[in-house]
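> Okay, here's what each chain looks like letter by letter:
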Amino acid sequence: MAGKGGANPATYSPSPTIQKKKAPLFKEDWVRPDGRGFHQCRPAFFRTGAVNAASGSAYAEFGNTKVIVSVFGPRESKKAMMYSDTGRLNCNVSFTTFATPVRGQGSDHKEYTAMLHKALEGAIILESFPKTTVDVFALVLESSGSDLPVVISCASLALADAGIMMYDLVASVSVSCVSKNLVIDPIFEEENYQDGSLMITCMPSRYEITQLTVTGEWSTPKINEGMQLCLDACAKLAKIMRSCLKEAASDSKE
Amino acid sequence: MVGLSLGEQHFIQGGIAQDLRCDGRKRLAYRPISVETGVIPQANGSARVRMGATDVIASVKAELGKPSLLQPNKGKVSIYIDCSSTAEPAFEGRGGDELSAELSTALQRCLLGGKSGAGAGIDLSSLVVIDGKICWDLYIDGLVVFSDGNLLDALGAAIKAALSNTGIPRVHVAAGASSDEKPEIDVSDEEFLQFDTSAVPVIITLTKVGKHYIVDATSEEESQMSSAVSISVNRQRCICGITKRGGAGLDPSIILDMISVAQHVSEQLINKLDSEIASAEAGDDDES
Chain V
1 MAGKGGANPA TYSPSPTIQK KKAPLFKEDW VRPDGRGFHQ CRPAFFRTGA VNAASGSAYA
61 EFGNTKVIVS VFGPRESKKA MMYSDTGRLN CNVSFTTFAT PVRGQGSDHK EYTAMLHKAL
121 EGAIILESFP KTTVDVFALV LESSGSDLPV VISCASLALA DAGIMMYDLV ASVSVSCVSK
181 NLVIDPIFEE ENYQDGSLMI TCMPSRYEIT QLTVTGEWST PKINEGMQLC LDACAKLAKI
241 MRSCLKEAAS DSKE
Chain X
255 MVGLSLGEQH FIQGGIAQDL RCDGRKRLAY RPISVETGVI PQANGSARVR MGATDVIASV
315 KAELGKPSLL QPNKGKVSIY IDCSSTAEPA FEGRGGDELS AELSTALQRC LLGGKSGAGA
375 GIDLSSLVVI DGKICWDLYI DGLVVFSDGN LLDALGAAIK AALSNTGIPR VHVAAGASSD
435 EKPEIDVSDE EFLQFDTSAV PVIITLTKVG KHYIVDATSE EESQMSSAVS ISVNRQRCIC
495 GITKRGGAGL DPSIILDMIS VAQHVSEQLI NKLDSEIASA EAGDDDES
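Heads up: the sequence lines are chains V and X, in that order.
The first sequence begins at 1 in our numbering and counts up by one.
The second sequence begins at 255 in our numbering and counts up by one.
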């Protein structure tokens, strides 16, 4: 329609310029903004023991996405809670105000909190700490795409660091569908233009999916492809997490 | 929460294992569905759906608003679900918040598609009146009147019915006003545009109890579940969203199996819903 560009009032919001710059990015044969292959994850970095005050903690860095998770407990449940012969898991995900390009826009806290809870509760042996609560607090220091998968993987590492009994480590990976291509471990720009996304959280050694979300329209073969891609990446991610734990354990022995 | 004795729990689980549930249904059979449309005259569209004892109302209100800067050629849709404390005492105060948030995000995921708007059940670009300036904001509100399990499927059906009942007033834009700062518009209160709901998917929740999964679980059956997967499927049998509930892990092959079962079940459910909606709409017209 006429008068679309010129009539726009002057604005300090960076969004309209982003749109103009990035829109032609995802055409026929595009390259990912950070030069990765479609099926190539960002280099993952994990380190346990990031917070001294917590019973266990972990720091994760996937490209520019940086997350810190601390685990407190098991400690006595709040007095108001009813008696329970299994343990409770309490999760919280928050964003720093500077995590996003536009200040204070780290949205979906509540959704992320609920998703983190569901992703972890199936992996923790809650029977091992009756009447008590384990708190998992995640803070997204910098958000640059695939935040939730990074938070979940990092949280399971923090739980392991805290010595909470689990069936297996939990690894999480997402794929985005951008103009007919499946791209794994999408960054912020790719997530903004995705036609659909699929996130899998799984326990690789047990080959069990604890959490799964799909948005957008998917055909059956595409879902199969996406799931397989995620599961393979989860298995590889779990290996990195495991080696990080082993390293930490051998360091503490010395 | 449902208080069940050990005997009752075994009875439910055993029945599901033998493909004969407590109310005589098979594992993949729905309870009777009834649809009423136009139940809220104040709204642009509304519907009440009952699945067995589960009773939900959805309303659609349209308001004129401004499109977001990032997507100037799209309208906005927000979905909010309210779990009334009249439905269950546990929903009182903040008790229903968690469930409300879970249902709202699941429905948004199923109905609104990806971030780019592809695969959305509701065509957002049809809501634009003037590019970048005026669009319709749709507020979809769901209310849980009584909860007897399978809320998500019922709400999905209610929203589909409410959208097909929705009439959006035709807007006349004064000629030559498009380059002005504020275009003059005239909202007609006689002419209404019908909403195309053929692309709106249905949601099918498969609840896993023991080794088997069932559709349309009652709250008693839900209390026995290990996990549940809600899959939304449209008429083309494409998956429009998946949400998993319940903590227990699932084998990937089971999930793929569930998807194909959901695609199979969806066909019957869509046809059933469409005919219910059509007859409800017809009954509505007779009255007015």
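Be a bit skeptical, because a hint or two may be false.
To be verified - Some chain V residues flagged as far from chain X (calculated, every beta-carbon gap over 10 Å): (1) Val51; (2) Asn192; (3) Asp195.
To be verified - Rough simulated footprint, nothing fancy, chain X against chain V, three-plus residues with beta-carbon under 8 Å: (4) 144 to 156; (5) 221 to 227.
In short, the hints are calculated from the structure, not lab data.
The beta-carbon is built from N, C-alpha and C at its ideal position, and this holds for glycine as well.
> Give a verdict on every hint.
Each hint tested on the structure:
no.: 1; hint: Val51; in the structure: 26 Å, holds
no.: 2; hint: Asn192; in the structure: 6 Å, violated
no.: 3; hint: Asp195; in the structure: 4 Å, violated
no.: 4; hint: 144 to 156; in the structure: violated (count 0)
no.: 5; hint: 221 to 227; in the structure: holds (count 3)
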